[in-house]
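These protein sequences, in sequence, are chains A and B. Position 603 (the first sequence) corresponds to 603 in full-length UniProt numbering; numbering is contiguous. Position 552 (the second sequence) corresponds to 552 in full-length UniProt numbering; numbering is contiguous.
There could be a bad hint or two in this list.
Heads up, the list lumps identical chains together, so a pair's fine if it works in one copy or across two of them.
Claimed, not checked - Result set (BS3-like, lysine-lysine): computed pairs, CA atoms no more than 25 Å apart in a straight line:
1) Lys659 x Lys717
2) Lys584 x Lys603
3) Lys327 x Lys363
4) Lys584 x Lys632
Bear in mind the hints are in silico, worked out from the structure with no lab data behind them.
Protein chains: 2
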Amino acid sequence: MRLRKMGLVMAMMLAPAAQADEGMWMPSQLPGIGGQLHAAGFQGNPADLADLTRAPLNAVVKVGGATGAFVSDQGLVLTNHHVAFGVIQYNSNAQRDLIQDGYVAADRSQELPANPDFRLLVTTGFDKVTEQVLARAKGKTGRGYYDAVDAASKALVAECEREAGVRCSVATMFYGRDFYLVKQLELRDLRLVYAPPRAIGNYGDEVDNFMWPRHSGDFTVLRAYVGPDGKPADYAKDNRPYTPPAHLQIAREGVNEGDYVMLAGYPGITYRHRSAAEFADQVQWRLPAAVAAMKQLQDVIEEAGAADAQAKIRYASQLQSLKNGIKRFSGELDGLKRSNAVAVRQQDETAMLAWLGGQRTAKTLRPQIDAAMALIADGSATRERDLLLGLIQSQTQLMRSALRLQRLAHERGKPDAERESGYQQRDEELIAGQLRQVQRRYDPTVEKRLVGALLTRYQQLPEAQRPPEFDAAFGRTPAELAATLDRVYAATKLGDEAQRLHWLKAAPAELVNSDDALLLLAAKLQPALLRIDDERKAREGDLLRLRPAYMQALIAYREHQGRAVYPDANSTLRVSYGKVTPLKARDAVSYAPLTSTTGIVEKNTGVVPFDAPKPLLDAIAKGDYAGYLDPKSGAMPVNFLSNLDTTGGNSGSPVLNAKGELVGLNFDSNWEAVSASWMFDPRYKRAIHVDMRYMRWLMDKVYPAPWLLQELGVPAK
Amino acid sequence: MRLRKMGLVMAMMLAPAAQADEGMWMPSQLPGIGGQLHAAGFQGNPADLADLTRAPLNAVVKVGGATGAFVSDQGLVLTNHHVAFGVIQYNSNAQRDLIQDGYVAADRSQELPANPDFRLLVTTGFDKVTEQVLARAKGKTGRGYYDAVDAASKALVAECEREAGVRCSVATMFYGRDFYLVKQLELRDLRLVYAPPRAIGNYGDEVDNFMWPRHSGDFTVLRAYVGPDGKPADYAKDNRPYTPPAHLQIAREGVNEGDYVMLAGYPGITYRHRSAAEFADQVQWRLPAAVAAMKQLQDVIEEAGAADAQAKIRYASQLQSLKNGIKRFSGELDGLKRSNAVAVRQQDETAMLAWLGGQRTAKTLRPQIDAAMALIADGSATRERDLLLGLIQSQTQLMRSALRLQRLAHERGKPDAERESGYQQRDEELIAGQLRQVQRRYDPTVEKRLVGALLTRYQQLPEAQRPPEFDAAFGRTPAELAATLDRVYAATKLGDEAQRLHWLKAAPAELVNSDDALLLLAAKLQPALLRIDDERKAREGDLLRLRPAYMQALIAYREHQGRAVYPDANSTLRVSYGKVTPLKARDAVSYAPLTSTTGIVEKNTGVVPFDAPKPLLDAIAKGDYAGYLDPKSGAMPVNFLSNLDTTGGNSGSPVLNAKGELVGLNFDSNWEAVSASWMFDPRYKRAIHVDMRYMRWLMDKVYPAPWLLQELGVPAK
């Protein structure tokens with residue numbers, strides 16, 4: 001009996017390490033894991049998926065900052081309702097509320113232009129440029145290494161973007177080991193073709209967000225247009241539909257539990273291959289510290305709001321964002337603890353290093369790995385300071401404005417190409433916009449308290465973490481701090497919009513010698529902030545130089561284990577594969593992987609966000625599902641759940657079946673999986689998709705668009 | 001496809017009517033449904049369960065207002081922690097907090113006496129007395145029928161209670177068709193033997209209440225004592241353990257999904273066999289109207305509380321009780337709608353009446369059924385008035401006190417035996433206690449607003465529902481009402497406790513001619529209330545006379561369908577049987593029928609009510625479950641779920657396996673089942689039990705009581 005128990009405990013501890021279906025693969029890696037793909041149920045040839053610039057993967061595009069896919073040869077694009085929300089909002093007004101009512105273009109002439117800054121990117125090139133990027137970095141260290149990589153990347157991008165209508169970027173895989181030049185065609189004329197009403201496209205809203213079971217029709221159909229010459233163009237009446245290099249075909253049949261599925265998209269960022277020390281730092285310090293600091297700010301705002309209704313309104317949005325952050329970080333922390341992430345990663349790293357000791361490469365790699373680890377450990381010496389400085393620059397309005405104005409003045413002294421990103425000429429419009437918004441979100445008493453709370457924490461840091469400029473500016477005691485803040489906020493005119501915009505246009509010298517107390521304070525702090533920035537870049541340069549050794553060891557170790565390694569997500573196209581999978585979320589609580597229209601009626605209260613539109617409720621009551629029902633359950637599917645590996649940026653990713661046909665549209669993940677950016681725990685990591693049968697049924701029976709179904713190759717029944 | 005859909009819709013509509021495992025059976029009925037019992041998995045002889053005064057059913061007792069069972073031959077009684085909570089509280093003080101810490105008697109000498117009013121009832125007689133009860137009622141109608149039944153019942157009880165230490169009552173089965181004289185031995189010396197800490201016995205408290213999955217050790221062990229002569233006695237040191245007529249044996253093995261289980265207990269009240277019109281009234285009027293009225297009172301109290309902190313405290317308990325009532329009634333309403341209860345009951349009744357038309361009994365039964373239905377329909381003519389008068393007499397303090405004092409004066413004019421129950425000599429102590437409590441729960445402004453809110457609704461009723469005495473007392477306009485309340489509450493001294501207790505002792509004539517404005521008002525209202533009471537009794541008398549015809553038709557119709565009929569619950573011993581059953585609560589949401597200690601850790605926040613004690617958390621971490629693990633899941637069970645038919649009063653009911661061994665202790669039901677007092681919907685009706693393996697493990701490994709396990713016949717491992 002005792003043995004049996006031990007076995008269970010071991011099984012639970014090891015479960016998170018099992019790599020079943022984990023992975024955000026570069027398409028070029030897929031032939032190498034073809035065996036796994038076929039074992040999982042894939043029926044195609046993995047070699048056909050190896051090139052993201054060829055069909056079918058070049059049908060998968062970046063759109064509105066997330067993912068979408070071409071679904072017809074005349075430029076129809078399918079993405080999420082929440083991804084295209086800005087397009088729907090842009091076309092709505094008091095007379096025509098497309099958010100509330102949805103939109104069905106009667107024919108092609110009725111397709112509505114998107115907001116002019118809405119973009120779609122078709123990846124047309126993806127070339128390894130490691131040698132070019134690192135050519136001048138070799139032999140350098142720290143800031144020199146960083147600058148060499150930065151300069152080489154900028155040069156490659158500038159060269160690539162000589163072609164009209166094209167956007168380029170350099171992406172690194174495995175943290176500095178490989179570099180790729182990504183070339184993308186930038187389409188600028190997108191149009192709204194079909195959107196369900198908010199109460200379908202966003203059914204459940206914040207209440208259901210992250211909460212399986214979901215019942216949302218979170219999809220929208222757009223169409224990409226190009227100029228008469230076939231090139232990217234701004235919106236014009238005479239533009240014609242874009243002919244994509246490839247498009248996906250909607251499946252005629254649906255999925256069920258256990259079915260193979262795969263997904264392609266542009267996941268933003270993950271930390272799966274960070275070192276054990278970084279895992280420990282995240283769980284043991286970073287998340288708890290960030291939550292504690294944000295809670296303190298929350299308390300300040302709530303206390304001030306209770307006494308002052310006007311302040312309450314001005315800080316409502318910031319308060320909401322703090323609450324969301326606290327919830328999200330707490331969820332990530334809970335998840336990482338539940339998955340025992342620190343211990344699992346530590347065991348794995350220890351085993352890797354032990355194995356490496358017996359390899360010939362150890363002599364080269366181990367010193368670099370040790371150096372990288374020492375650098376990472378050094379980072380924790382200033383982590384409290386860095387967290388507080390980050391919050392001061394993100395959670396204040398006037399203080400942030402003053403710091404930004406001074407930094408801009410500083411950067412303006414350089415050629416535009418050498419300016420810090422975010423402070424180049426093309427960024428100045430954005431900065432002006434931010435300076436204008438201050439007015440609606442600022443109250444001097446609240447800001448003083450926020451800054452005071454953060455700087456009181458700062459004053460308690462050990463001396464090594466305190467830049468002398470800050471000590472000089474704010475003093476060493478709470479009383480000195482309070483007096484300084486009272487004096488500075490009493491003698492600044494930055495609370496006035498005209499003043500802020502005036503300083504935006506002022507000459508650098510004028511700013512540095514400003515008679516505004518807050519600007520003057522910011523000028524005194526700036527040397528410290530620039531120095532910290534320099535130190536950060538030097539550290540990043542060294543990590544870029546050293547971390548590849550860690551990755552090389554990990555890749556070799558995994559190869560030894562018979563496993564491949566995917567690079568951490570970095571907004572480039574990735575493919576994941578897996579299965580339609582239920583979720584055992586908690587003791588005695590299980591969730592089935594398909595939801596049905598029954599659940600819409602169960603949840604419906606008639607009140608936002610559970611206020612399904614009458615046409616939908618009527619259609620459900622009528623039950624006219626012919627041709628769309630799930631044959632196994634006899635129910636009309638709405639959403640489904642898979643174990644596909646996703647993260648932010650995967651919104652709108654197409655989900656394909658074993659034959660490569662489109663069966664779903666990714667739009668959410670489950671709450672238990674918010675920690676997946678660090679660790680993929682197969683027990684809890686799930687992705688949530690719109691079932692294409694639900695979309696087709698809506699388009700056929702509820703808000704009919706037969707011409708569109710025809711073009712999509714799945715005619716109305 | 002269309003046919004398939006119809007089939008599904010039909011199946012869903014009929015599902016609630018399926019009677020699988022439904023039923024709160026009288027033990028005497030069990031041999032008649034022996035086939036069903038065996039088909040479900042029962043391995044014993046149903047005839048052995050037919051007599052509730054013989055073993056094993058006479059081991060099942062009434063205790064603390066709910067159910068318990070003897071579990072040793074020396075008087076050990078097992079019931080819920082929440083049923084024995086008063087006993088635990090009575091033995092707790094600042095130095096020794098048994099609520100927080102639990103209690104393990106080191107040996108028999110350490111067993112602690114219960115509060116003196118705590119009682120245990122062993123049923124020793126259960127005899128049909130229909131003929132005696134109805135002998136003088138035959139030929140009478142209305143109030144005459146009611147009084148004849150009442151007098152005959154009182155005479156039987158008085159005769160029965162001549163025996164010392166015995167409590168008797170008359171219970172009617174099938175609403176007046178059958179009457180039984182119940183004789184119970186009343187044990188008055190109960191002692192506390194074993195109670196877990198609150199954070200085990202009530203883990204999850206109100207958050208988890210009604211919410212499967214649960215993780216509560218809701219059990220307590222008591223022991224019954226009798227005098228040295230073996231007769232019931234008040235607590236005395238020299239008393240000795242009671243030797244029960246029978247006791248249950250704890251099973252050595254546990255249960256798993258699909259296993260047969262049965263339960264015996266004292267369910268309080270159900271309405272399953274009420275007429276379709278009463279179902280419709282409950283769903284379409286009574287529940288919504290009660291919720292609306294209670295919400296109005298909630299608003300009054302919350303508004304007053306926001307302006308007056310003292311009033312907020314005084315009405316906190318009433319507010320909580322209103323909120324609970326609103327939640328409970330809303331849940332019942334949702335459940336009845338979800339089960340389509342009105343239509344299902346209506347279809348069934350229509351089919352029954354149609355079938356009856358073809359029977360010879362129709363000539364006798366149908367006129368009585370029609371008369372009963374007409375009476376029920378009549379009741380709706382005054383339902384608004386009755387609801388409001390009920391709320392005035394339950395949701396006020398001074399007004400209620402005045403009415404009660406006047407009614408008591410009125411009743412005191414009669415011989416004690418003829419007084420209204422609740423106003424007899426033995427009730428006067430209770431009334432005095434209630435009059436004393438007024439002080440802590442009363443604020444004149446709030447009470448005036450509550451009475452005002454209710455009487456404003458009253459003023460809007462049609463004339464036929466308004467007794468002239470009320471119109472005369474309160475006027476016909478809101479202005480007259482407000483003036484009356486201001487005047488009366490300014491000129492009453494009932495807010496003073498000494499005054500209330502003075503009037504309690506005053507002579508009837510003094511009260512009727514009181515100089516206290518509120519007492520005088522109550523005296524003016526009293527004739528109306530007495531008249532309404534008379535009308536109610538007349539109606540109840542006629543229903544008692546006529547409803548048996550409806551029941552007779554139903555029983556015959558069910559027999560024709562091959563089904564037996566159990567009487568609605570009435571606090572007499574009943575048996576239900578069924579299976580350990582999962583719950584599919586909502587679309588894509590399934591609950592397994594067994595929870596495990598894993599869930600305790602998952603839920604634990606360290607904060608009440610999820611603050612499992614350290615010894616429990618340590619034991620879970622240690623995982624020393626040898627001999628108690630569920631062999632199928634390899635987990636340590638805590639609670640389990642069944643489809644057993646239960647209602648309020650079933651708390652503490654023993655749950656037995658197919659061999660009649662004790663496997664669980666009933667303590668809760670699921671939220672989806674709050675409507676089960678009206679309709680048993682097999683899709684949603686579940687009962688929640690403590691797994692005996694969890695209790696034994698706690699007694700063995702966490703808070704050890706080896707001598708107790710020995711006595712229970714399940715020695716420590």
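Open item on the list: Of all the hints numbered above, which does this structure not satisfy? Sort the numbers upward.
Closed with: Structure breaks hint 3 only.
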